[in-house]
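Asker: Fit chain F to the given chain Z structure using the hints.
For reference, the chains in residue letters:
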Amino acid sequence: MELLKLNNVTKYFGDYKATNNVSFSIKKGQICGLIGPNGAGKTTIIRQITNIYMPDEGEIILFGEPIKPVHQNRIAYLPEERGLYKKIKVIDMLVYFGKLKGLSSKDSFDKSMNWLRKLNADDWVNKKVQDLSKGMSQKIQFIGTILHDPEFLILDEPFSGFDPVNAEILKDIILELKQQGKTIILSTHVMSQVEKLCDDIILINKGQVILEGSLVEIKQSFGRNNLLFEFEGNINNIDIPVGLEIITNSQNRYEFKVLDKNAPNELIQNSVGKININKFVLDLPSIDEIFIETVGRSNLDEDTILEIRKN
Amino acid sequence: MSSSNKIFTIISHEYTSKIKSKGFIIGTFLAPIAIALILAVTVVFSILQKDSTTLKLAILDNTEFIGEQLVAKDTSKYFLTELNQVDLTDQLNNEEIDGFAILTKSILDDGKVIVYTKGGGGIGYTEALENNLGKIIRNERLKKFNASDSLIHALQAGVHLSTKKVTETGEIEKDSTAQLTYIGYGLGFVMYMLMFIYGSMISRSVVEEKSNRIVEILASSAKPFDILLGKVLAIGGLGLTQILTWMILIGGMLLFAGQIIGLFIDPDTLQAGSMGMSADAATQAKVNEIMSDFPDISFGLIAGFIFYFLSGYFIYSTLFAALGSAVDNDQDAAQLQTPVTLFIVVPILMIQFVMANPDAWWVVAASHFPLFSPILMVVRIAATNVPAWEIILSVIVSISSFFMALWVSAKIYRIGILMTGKKPKFKDIIKWLRQG
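If you're matching them up, the sequences are chains Z and F in order. Going left to right, the first sequence walks through residues 0 to 310 as numbering that gives the first Met the number 0 numbers them. Going left to right, the second sequence walks through residues 0 to 435 as numbering that gives the first Met the number 0 numbers them.
Here chain Z stands alone, though its shape is the one from the complex (with noise of 0.2 Å):
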């Protein structure tokens, strides 16, 4: 079931299209990365989900409805740059947040407390949000975010700050939010958080979607895959075989691009007896590869439609 659906969505910023007819979809449950180069319009996309800015163009069906300013209560919004209150006590700022959330102010402070708790920092309850360090904050923000229970969360960055200990922490709690059948956009440019989180991705440039799908069919559709060869012995006492085309090489390592199916086992019968194989490593493309070619290719698409506009 579709949780979320832009169609066509443009939004103008002067003359300069932020949006460009955007129309993407985010099935219920899953965790979707939005990425994309800076400046590529995902924070505009972004806002105009969480109702900050009106799409000028277009449509946004938010849990099977148009999207409406009482949606907001529904939806939890980490933005990228982080903002608390710096003069007033961590409980009366996430009671306050929870409260602009819709909650009462009774459920508000239960919920921070048990947030507080298991996230080991009740103790800060009454600390004063400008003595806090940068990861504690970090953690009260996220906590004042998720604080309503929301069914839809849009998390930009959301390790940003995190030390790995409590990023795990965090990572966990994501999934766990996942289970319970939570919907969340993870917007980031970190590709190892993307790998190890997102079902499926969108992928922004230029304020236009230039991929989307779940992360597994992009990459097998992207039908490039790499082997990783690592050994011990001489090289040059085995054939490698036509369907392998070498990306890099150093003396005990190379990198294959994959364009026959059967190169790599043909690899591997060839080496026996003649080096030894420390690391075989067949996979599928990286998406920093995806990101940074798709991008790449429609950098270069675009320019090559001014530059044959000039002529």
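Simulated from the structure, these hints should not be mistaken for lab results. Model, not experiment: these values are computed from the prediction. Mixed in with the good hints there might be a few duds.
[Said to hold, decoys possible] Covered by chain Z, per the in silico footprint, the following chain F stretches (three or more residues, Cβ under 8 Å):
#, segment
1, 215-222
2, 323-332
[To be verified] Straight-line alpha carbon distances no greater than 27 Å define the calculated DSSO-like cross-link-like pairs of lysine-lysine that follow:
#, chain 1, residue 1, chain 2, residue 2
3, Z, K127, Z, K86
4, Z, K133, Z, K110
5, F, K111, F, K55
6, Z, K126, F, K19
7, Z, K27, Z, K170
8, Z, K85, F, K422
9, Z, K88, F, K19
10, F, K55, Z, K85
11, Z, K27, Z, K110
12, Z, K127, F, K19
13, Z, K16, F, K421
Don't be surprised by glycine CBs; every beta carbon is placed ideally from N, CA and C.
Answerer: Leaving out everything else, chain F in the frame of chain Z:
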């Protein structure tokens, strides 16, 4: 949850978090006490001034008749002596006397008196001596020309102007126009400061939320209009709290002012004996005299002040908030707000003309310009009888101006709070208005 509940949430957050701030508490309770102290010190000094010396002078009288009169004026300050100048100098050196004055025979002609002291002791005694001796010598000079007692008396009497106010029912009342005009001036000035204080308070609050990036979280939870209105109402409530507290404090202090002033009045200086009154009664009479100089503050003036504070605050604060939303630090905000600030300053420049002639046609016209009304109307209400139709007109204009300011500001605010990067100019903001 409805939109009005969110406004209420925002109001209660803004109000409670700011009312606890040190600045607000100090401003609310210490400011009136500080003002009262300054006033009290001034009043006390002006009362004490007349009796401002503790020196007691020996009078070496060569005229045979002036010294006697001088000592009669104030036996606590002067006494006659038979000693000569050399002996008096010895006594002065031995600190047996504070000082001595020599009245020469030619005093009626040249008016010259020399006073010898050890130095120091302030300047109070010279003023007192000049004052006391001056009157005696003037009288003696007049007598020399055979002036009659009645002529002397007539010459000494000055002009004593007093004004009375005739009410619509034909009754004659105490007229306090002069004092009320000055009160109007004071209130106008207080209004001017309040516009700045609360304008910059709301501006800082908007800028803080923008530079802290909280505003994006707020905007994803409530409508920008609700955020703006909630903030404006909360800080307005804060201002109202402060003004009402001031009024209660000042009212309370005025209630006890009589007793406090009484403590500083020395009954001896009131010449109680000669007026056939007891010292206490004389003190009370003096206090009543001082207090009766203080005009009655009408309910209309208080209500007017509160109304124009609110209307002025709402108009200016929404504009300040809108312009503050366009930038992310207080300096840039102040720069952008300069054109609006000018509208607060101009009425202060006009205020003395308004005081001189609060009913002139151009003063009336200016006081109905909504951005000038808060200051000028308050001055006029204090200084003159503003007709009812003018008040009604002004109330309507002020309230509709607020709604217009709110409408304009909401459009700017909505765009401004999420605008980052290049610092916008005033004309860019006008452009946003057309876009919105």
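Asker: Return the numbers of the hints above that this structure violates; sort them in rising order.
Answerer: 2, 10
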